[in-house]
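One line per chain: the protein sequences are A and B, in this order. Following my numbering, the numbering of the first sequence begins with 1 at its first residue and continues without gaps. Following my numbering, the numbering of the second sequence begins with 1001 at its first residue and continues without gaps.
Just so you know, the hints here were simulated from the structure itself, not pulled from any lab data. Incorrect hints may appear among the rest.
Claimed, not checked - Now the stretches of chain A that chain B is said to cover, found in silico as 3 or more residues with beta-carbon under 8 Å:
no., segment
1, 11-21
2, 112-122
3, 147-155
4, 182-188
5, 204-215
6, 261-274
Ideal Cβ positions, reconstructed from N, Cα and C, are used throughout, including at glycine.
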Amino acid sequence: MKKNRKKTGSSDLLFYSITGVIITAFFLIVLYPVIFVIAASFSSGDAVTAGKVFLWPVEFSLDGYKTVFNNTQVLTGFQNSCLYMLVGTTINVVLTMCAAYALTRVELPGINKIMFLFTFTMFFSGGIIPNYILVRNLHMMNTMWAMVLPGAINAYNLIIARTFIQSNIPRELREAAEMDGCGDIKFFLKIVLPLSGAVIAVLVLFYGVANWNSYFNAMLYLNDKEKYSLPIVLKQILISSQIDPSTVTDPELQMQIARIANVIKYALIVVAMLPIALIYPFIQKYFVKGVMIGSIKG
Amino acid sequence: MGKKSKKTQTKKSLRRRIAAGWQVYVLLLVPLIYLFVFSYIPMGGLVLAFKKYTIADGIWGSAWVGLENFITFFSSYKFPIVLKNTLVLAIYALLVGFPIPILFALLLNAFPRKRYAKVVQSVTYIPHFISTVVMVGIIMQILNSRTGIYGNLFMFFTGQTPEDILSKGNLFKHIFVWSGIWQSTGYNAIIYMAALSSVDQSLHEAACIDGATRFQRLLYVDWPCIRPTAVIMLILAAGGIMNVSFEKALLMQNDLNIAYSEVISTYVYKVGLQKGIGDFSLSTAIGMFNSVINFILLVIVNAISKRLTNDSIF
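Model the full structure from these sequences, guided by the hints.
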């Protein structure tokens, strides 16, 4: 018995060491690019261009951030994205919760069929052109509505919310409320919503991130510079390397733009990731919970 | 007579049941209008694939042309190229992207220092939240042969400037797939971590008493417990196989890699909406071809898995 345990111990030790090496390697691979981007964003243009940056800022400078925060393109995009995210996420969450509760009442006629209609959209859709024609016919081109209405209910998120309500709010509670003359709408507002804090947090997170990151709809439907969301501006600067000098107000920075082009990009990447990095620690536990609820009934 | 009365009875009770739940239908009203307008009207718009669209006539007024749009696509020189690129990227991404999160979750779960494992897990799913635009921006900066990590490290170890991998078309698939692994392994592992946390501990204890090593327990206890989850994830992945991350492919495209990076979905966009071309019907037909293949794959994989393992999604 003793011998046996000893044998297991040494063999496990080897396994644990290998495991530790593998997960640490992966951990570093994920972390290092992020550290590099942050370090480069605080370095001087020359240091980045000369490839001197590895782990920490070289020739510390804030030029990149100064340019980014003095750039009207970026600021307008940031404001617009905040607006689209706030309005969009509100619509998403309200509609999804209403539908999710209603769809738990499967004993009513037609509810299962309606659920199927929602689920079906996960696997089949009209595609780019029919959607584009629809948005054009509804006269939503170049308006905020084109950003927030298509995709207002995501079937996957709907399933998460519905599963949560089904498993956390007992049927008996609703039946008792019904006895007392409480209708479904009142029950939804007074009982279901207050008890659904966790799943609402998950929905806010999933929809919020999707709205904040949304690029393709913005590219298709917005063509007025004043309406551009942040991802469009990011695309122009990061990927097409077009920074419009007239949108940089500080004349000194205008001169340097070519020299610090890379630093600007790194600073911009950090700024774009900042909102999510800031709220991430607070929502992390809800996020894992959400993925788990979603996995119960995929 | 009896049949008829029964029918009116059920009709009546149906009406009564609807009336009893009217508030539920009120709650569903706006979501249903939304669903109809933004999901099912566009699906109806798929008839465009069988028409010759002109703006003046609209979707319904345009003339029917049968399968002409599909024939145009299948016989164009682009067809084999975009189909091949789509399949190469999709299958490569599936072959690498499906098992890695499972392995990662199994190893992370088996690691004895739980707090360290927790930190690793929390950090590795952060990249999931990075938007596609920023992700592609990061790829382009970091793989830059002069100023990125790639260039810096190559220079550091060999003293030479490396060749520019971003302009090599045949390397596109590797960059595309492995950057996806970087971004989503942590996130995709969550679902397996969740399944692993519900593994019955008495199975582990029993295996320990029988002298099983941790590695054997991973193979014979942990893995069988998460296999159903893995099957479902595989079905979903196979059903979406033609949905190569469209935004990412579009954003990573440049003149030098276009022969390798043009996939069906980016081609749909270019045929339909990029300036100066705008053939709506052809574009819809190509998009529909893509969706239908996807749907068929989903049904086939689902049926196979139902047969083999009894795990399926419908």
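Given coverage of the segment 112-122 of chain A by chain B, tested with a Cβ cutoff of 8 Å and a minimum of 3 residues: Holds, because 4 residues of the segment 112-122 of chain A bring their Cβ atoms closer than 8 Å to Cβ atoms of chain B.
Residues of the segment 182-188 of chain A with Cβ under 8 Å from chain B, three needed, outcome: holds (count 4)
Proximity test - 8 Å, beta-carbon atoms, the segment 147-155 of chain A to chain B, at least three hits: That given contact holds, which follows from 5 residues of the segment 147-155 of chain A lying within Cβ reach (below 8 Å) of chain B.
Given coverage of the segment 11-21 of chain A by chain B, tested with a Cβ cutoff of 8 Å and a minimum of 3 residues: holds (count 6)
Coverage claim, chain B over the segment 261-274 of chain A, checked by counting residues with Cβ within 8 Å (three needed): That given contact holds, which follows from 7 residues of the segment 261-274 of chain A lying within Cβ reach (below 8 Å) of chain B.
Whether chain B covers the segment 204-215 of chain A (at least 3 residues having a Cβ closer than 8 Å to its Cβ atoms): It holds, with 4 qualifying residues against the three required.
The structure shown violates none of the earlier numbered hints.
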